[in-house]
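K.L.:
Sequence:
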Amino acid sequence: MTAIHPMTREYAEYLHDESRSVGSADSISFPADEDGIRSVLRALRTRPDGSAAAPPPVTVQGARTGLAAGAVPGGGHVMNLSRANRFLGLREEDGVFYLRVQPGVVLSELRRHLAAGTIPARGWGRADLRALERLYAGPEQVLPTDPTETSACLGGMAACNASGARSYRWGPMRPHVSALRVVLADGDVIDLRRGRVRARGRRLALSTESGRSLEVDLPRYAMPRTKNASGYFVEDDMDAIDLFVGSDGTLGVISELEVALSPAPAVTWGVSCFFDCEDRAVDFVAAARPALRHAAAFEYFDAAALDILRFQRAHAAAFASLPGLDDAWGCCVYVEIACDDEESARGDLARVAELMSGVGGDPAGTWVARTDVDRETQRFFRHAVPESVNMLIDARRRADPSITKLGSDMSVPDDRLRDVVALYRRTLAEAGLQSAAWGHIGDNHLHVNILPRDAREYAAGKELFGVWAREVTAMGGAVSAEHGVGKLKRDFLAVMYGGRAVAEMAALKRRFDPYCQLGRGNLFDPHLCEGGA
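Residue numbers (this note's numbering): 579 to 1111.
To be clear, the hints were calculated from the coordinates, so they are not data collected in a lab. Wrong hints could be hidden among the right ones.
[As the list claims (entries may be wrong)] FRET-style restraints, in silico, Cβ to Cβ:
| id | residue 1 | residue 2 | range |
| --- | --- | --- | --- |
| 1 | 918 | 631 | 52 to 62 Å |
| 2 | 624 | 690 | 39 to 49 Å |
| 3 | 789 | 996 | 48 to 58 Å |
| 4 | 653 | 1031 | 31 to 41 Å |
| 5 | 624 | 898 | 49 to 59 Å |
| 6 | 594 | 888 | 25 to 35 Å |
| 7 | 965 | 717 | 27 to 37 Å |
Being a predicted model, the structure only gives us computed values, none of them experimental. Backbone N, C-alpha and C define an ideal beta-carbon position, used for all residues, glycine too.
Can you make the complete structure from the sequences, with help from the hints?
P.N.:
What follows is the structure in structure tokens.
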């Protein structure tokens, strides 16, 4: 049986995640497998004398890399799944390899094992081992989902439907999840494989391994047709797996998942395109999206982001290896080209030059990375921006602990990219707030980060986020495109869908989790679940 430990100072790090929010809890556990997860959940419902207890809230964690405080506990119990990190098996079907893992497997470790041919296969059956031999004999395989933080675990990536730069080409986590095992709050299990259980309209019928039937009415809202990780995924006749992917740990605990792998592109080139102004950069993206056949990612860095890098390069030894930035460069669009041969890559590279000239840019203002060393330099450049901003805010928090970075995660349809950029610039100028923006411009998904200097600016920034949520919703967009809703964005979810839709989400949760134990406070206020059990 998995031990349940009192929450002492020894476990203080498990009270926060990358959102910089800090919570509280009474106890913590580290189950290493599905039986451990089930035993903890059942133990939490039982008093020492064997009688039933009022179940406490349970916050499920993985690597705690989330930015929406979904892994930050609000009392009760913390279930950390970082030790449930085994590779469980492999199968091949119609030329596609499907890898089965526990939720605590870390993305960077998966990538390392796939590249080196060292997937731990102890205890695998013969069929799995034969599939592994075929995997190693063929082209290198990858999981295309590409969050910035590669220390994320796969269970957490599924729980918030993570994406990242390459979602422009390959989409978020959801389409790559082919099977799930989910432990419900009472310890029962639902076993799902893509294509086997579908809703009928908005009615979904499920069976647990104990033989219990669960019939649920899915919320009636319509999701925006844009990059979206805001609330439960629901649509007519949907696959049951898709309800649990992106559910922010509120419906059940993912104990196993199977992911579909894809062949790694034979050629990957990165092109950093610099422009003197933001309008030219946006025009370039609008022209390049339909013109570049092999684009895997379009990333953006605004003038403030480049200025932060210039400062870090000049003043911090850790950033001294950053390439120098011409003073005339006001912003950057990074384009990643991924294809099967260099001839195709050269064709897209030539089109990049043409497109830059077409919007008034200078093709000489580019960095092109064709080798692993050059790509690593570009990766360092891109990742140095959020790292530097976090360092800046951490320094300001020492003077005023009440402030944090305020990072947006909103997306809009393609035809509203110019409108949302104009909205951000106008309202930031009116509020007089410092900011830096970067992110997935190919998906019309910019992370605009407000950098408050004091509590007054922090309050003003939060108010501005509310304005953006209303305006983005009116444009047909999503208030969370990749980070999930967690606890920090639940008010935005009501703005996006309305109070009635959020109440329908809460009613759906109660069907799976009558006491509202799991992920309490994620997606919606806990009071919406009161009276459900």
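K.L.:
Does each hint fit the structure? Answer for all of them.
P.N.:
Structure-based check of all given hints:
Distance hint check: the CB atoms of residue 918 and residue 631 are about 58 Å apart, consistent with the given range 52 to 62 Å. The supplied range of 39 to 49 Å is met by residue 624 and residue 690, whose beta-carbon atoms lie about 41 Å from each other. Distance hint for residue 789 and residue 996: a CB-CB separation of about 55 Å, consistent with the stated range 48 to 58 Å. One distance hint, 31 to 41 Å for the beta-carbon pair residue 653 and residue 1031, holds here, with the actual separation near 32 Å.
Taken as a hint, the range 49 to 59 Å holds for the pair residue 624 and residue 898, whose Cβ atoms sit roughly 57 Å apart. Restraint check, residue 594 to residue 888: a C-beta distance of roughly 31 Å satisfies the suggested window 25 to 35 Å. At about 33 Å, the CB distance of residue 965 to residue 717 agrees with the hint of 27 to 37 Å.
Checked against the numbered hints above, the structure violates none of them.
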